[in-house]
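Student: As a plain string of letters, each chain reads:
There are 2 protein chains.
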Amino acid sequence: MKEIRVADHMKFVKKSAIRQLVDSAPADAINLGLGEIQFPLPEFLKQKAAEIINFKNIGYSTNAGLIELRKAICDYYQCEFNDNVCITAGAEEALFAALFSYINKGDEVLIANPTFLAYKTIVEMLGAKVSSFSLDPQNEFALNENSLRIAITDKTKAMILCNPSNPLGIALNDHEIDLIIDICRKNKILIIVDEVYRELFLDERSRSFLDTDLDTIIISSLSKSHCMSGWRIGWAISQKSELIAPIIKTHQYICTCAPVISQFLALEALSIEGMQAKEEIRIKLAENRKFAIDYLSNANIEFLLNSSSPYLFVKVNGDDWKVAEALSKMGVIVIPGSAFGSNGKGFVRINYGIESDKLSKSIIILAKFQKEIIL
Amino acid sequence: MKEIRVADHMKFVKKSAIRQLVDSAPADAINLGLGEIQFPLPEFLKQKAAEIINFKNIGYSTNAGLIELRKAICDYYQCEFNDNVCITAGAEEALFAALFSYINKGDEVLIANPTFLAYKTIVEMLGAKVSSFSLDPQNEFALNENSLRIAITDKTKAMILCNPSNPLGIALNDHEIDLIIDICRKNKILIIVDEVYRELFLDERSRSFLDTDLDTIIISSLSKSHCMSGWRIGWAISQKSELIAPIIKTHQYICTCAPVISQFLALEALSIEGMQAKEEIRIKLAENRKFAIDYLSNANIEFLLNSSSPYLFVKVNGDDWKVAEALSKMGVIVIPGSAFGSNGKGFVRINYGIESDKLSKSIIILAKFQKEIIL
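As given, the protein sequences belong to chains A and B, one line each in that order. For the first sequence, position 93 matches number 92 in numbering that gives the first Met the number 0, and the numbering has no gaps at all. For the second sequence, position 276 matches number 275 in numbering that gives the first Met the number 0, and the numbering has no gaps at all.
I should point out that these hints are in silico values taken from the structure, not numbers from a laboratory. Careful: at least some of the hints might be erroneous.
Stated by the list, open to error - Label-pair distances were calculated between CB atoms; the ranges are: (1) B:Q137 - A:Y75: 50 to 58 Å; (2) B:S296 - A:Y75: 50 to 58 Å; (3) B:T61 - A:Q46: 24 to 32 Å; (4) B:T61 - A:K128: 27 to 35 Å; (5) B:Y59 - A:D27: 45 to 53 Å; (6) A:D27 - B:E50: 26 to 34 Å; (7) A:A141 - B:N186: 52 to 60 Å; (8) A:K370 - B:K45: 54 to 62 Å; (9) A:E241 - B:Q19: 18 to 26 Å; (10) A:I66 - B:L213: 56 to 64 Å; (11) A:R281 - B:I363: 56 to 64 Å; (12) A:Y75 - B:D74: 40 to 48 Å.
Claimed, not checked - Over 12 Å on every C-beta distance to chain B, these chain A residues come out as not near it, computed from the model: (13) A16; (14) Q19; (15) D106; (16) I300.
Unchecked claim - Some but not every residue of chain A turned toward chain B, in silico, with C-beta under 7 Å: (17) G89; (18) W230; (19) P258.
Just so it is clear, CB atoms sit at the ideal spot from N, CA and C, and this is done for glycine as well.
So that you can see chain A by itself, here it is in the shape it has in the complex (with noise of 0.2 Å):
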């Protein structure tokens, strides 16, 4: 006899370790183990919202989004607009409308170890399977491109890469760059690269994979770069419209249309005053990072020195969930580095994207820590 059984493919979706995590925190913890800067909306951006309540008409948009909007999208990447937008609820949204718009039953979707989690499990949630190519922890978690070549089969359909990295707070350098695009295209492998954390660099903005290659697919969004996480506004662009044209078919069925009100805001946010706004954003995040290393230095704790906030990865004595769960228990939370991939073992990523008092209180006990006990 039938029953009411969810799809096979749900299987995929484990439950979160890093949930159980958080849940052993006591309640007064300080989370540094979250993927949102905590910094307000920048003032700019709510005096903005309050005049699009007031005077715009907020109902549904066309399901790319609204046109100004995606035509200030192009303008930001200095590419000329042809339908190669599409406006989404966030940054998660345009990769899921991505996969689900190329992804086949039975192909094979390369990811970096380590890596943004959820890649991981929207390509098994698809039927896919994912096949990883390590960044070396060896060698300042550079692209091994051995371990790169030897992942591809011909099932292989598809890359996500995340650039800057979650975790690691470190882009990609020229030379990874061309030899991966390199790489791809004589396999006919479709690059996706999220580019979230592109706008939070510290010295300077790292190379957009759309300015170097016709056939990737880019996703970014407002989340990291403005505070707007939740507003969830992010897109998919791409040099190629027929890139972008399923996905937009994709997208019209997952949610109509990315919120409107958000829409509107992100406008603001993209316009010059916008960008200056972020500019506030950006300044806090490498104040806080400064503390963070020179503390962290000075205590002798080694780290991966970051490109691009807000992301720092730490090594730890011994094993890394064990040392989360430990300061999880004295009120840090932070995320073990080996949830991103074997390769993170050893580390953990810390968000230093939150209030200075919050940040200084939880460095000083994760240096105490790490100076006091070995695990």
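Dock chain B against the given chain A, drawing on the hints supplied.
Tutor: Here is chain B on its own, set in the frame of chain A:
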């Protein structure tokens, strides 16, 4: 040599014939074809939105949504809160997430003929097959029990209902609801009911399937009831939390969480004042409807007497696609009934939820056309 091709299931997303209809209309055409109420956001909600922007921290919410909002939705249904709600980016996302969570390739899904267009496409995008049952045009679109029984096979996994119906504007009666639940329960068919038009009732609110059946998943939103389409707030709810748990997981990977600015506003929409503000919309719709049905009746034009706004299913002389095309060129956009399924043949769907001057102008054109031209 393999190429970068879209996923096989994308072939089921057809080009919209309705889009061509809209494109062929003059720029100043009056659009009675939309699925949106063209009224502004109620003043009360505008004020509350401004307050939210000033005083709330609009970051990510938990995947399932703000707990206060999930509780408020349970209060609305007068059911107990037990993690049995998932807040989504509109009803569309709730529907997509629900189907993604339950439907395997090869499954069959029951839909009504006629019904809302998107159901078929989503089912087919997921590799499943649609099997349709009749709402009988010879019998005021009542449920044809026999056709429902015939449509069921051992592969039938779910049924998607729209109640009150888009495009019909009528709700199932108690007998039909009981019959559907009985048949589906006996055949272990998951019932998913889209109730987005329920709050736009004319005389009395139709029964929610939630009140009747423990095993049904209800989908709804504030897009129609509160003119909040551009805010993208919908939900999936069931009496049983275990039916919603997989939807929350899928939703997490689709878009992390529903827009949080909109979640805060939804909380206001469901407050006593918010529900009063919604009444203004119902009253305006009832006025528009009175004009439309009086005018059509006086012109001896037949239509299905609706019990819910904003759709009137109007009988036309001749082929409904040709009528819609001709009307479109005359500056009035309507949707041919057969776009919703073969049983809609000979009708057009009009949405009277627009400004009254536009409505009167377009109804006059429609009536004149019907009187003078037979296609």
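Student: For every hint, state whether the structure bears it out.
Tutor: Okay, the hints, checked on the actual structure:
Between Q137 of chain B and Y75 of chain A the beta carbon distance is about 57 Å. The supplied range of 50 to 58 Å therefore holds. Restraint check, S296 of chain B to Y75 of chain A: a C-beta distance of roughly 55 Å satisfies the suggested window 50 to 58 Å. The supplied range of 24 to 32 Å is met by T61 of chain B and Q46 of chain A, whose beta-carbon atoms lie about 29 Å from each other. At roughly 30 Å, the beta carbons of T61 of chain B and K128 of chain A sit within the given window of 27 to 35 Å.
Restraint check, Y59 of chain B to D27 of chain A: a C-beta distance of roughly 20 Å breaks the suggested window 45 to 53 Å. For D27 of chain A and E50 of chain B, the hinted distance range of 26 to 34 Å is satisfied, since their beta carbons lie about 28 Å from each other. Against the hinted window of 52 to 60 Å, the Cβ-Cβ separation of A141 of chain A and N186 of chain B comes to about 57 Å, which satisfies the hint. The hint said 54 to 62 Å for the Cβ distance between K370 of chain A and K45 of chain B, and at roughly 55 Å that hint holds.
Checked against the given bound of 18 to 26 Å, the beta carbons of E241 of chain A and Q19 of chain B, roughly 20 Å apart, stay inside it. One distance hint, 56 to 64 Å for the beta-carbon pair I66 of chain A and L213 of chain B, is violated here, with the actual separation near 46 Å. Checked against the hint of 56 to 64 Å, the C-beta distance between R281 of chain A and I363 of chain B comes to roughly 58 Å, which is consistent with it. Between Y75 of chain A and D74 of chain B the beta carbons are some 43 Å apart, a value that agrees with the proposed interval 40 to 48 Å.
Remark: the non-interface label on A16 of chain A is consistent with the geometry, its nearest Cβ contact in chain B lying 15 Å away (cut-off 12 Å). Chain B leaves Q19 of chain A outside its interface by the beta-carbon criterion, the shortest separation being 15 Å against a cut-off of 12 Å. Separation of D106 of chain A from chain B is inadequate, the least Cβ-Cβ distance of about 8 Å not exceeding the 12 Å criterion. The Cβ of I300 of chain A sits about 29 Å from the closest Cβ of chain B, beyond the 12 Å cut-off, so the non-interface label holds.
Here the hint on G89 of chain A is kept, as its CB sits about 5 Å from the closest CB of chain B, short of 7 Å. For W230 of chain A, the interface hint holds, since its Cβ comes within 7 Å of a Cβ in chain B; the closest pair sits about 6 Å apart. Interface hint status for P258 of chain A: upheld, as the beta-carbon distance to the closest one in chain B is roughly 4 Å, under 7 Å.
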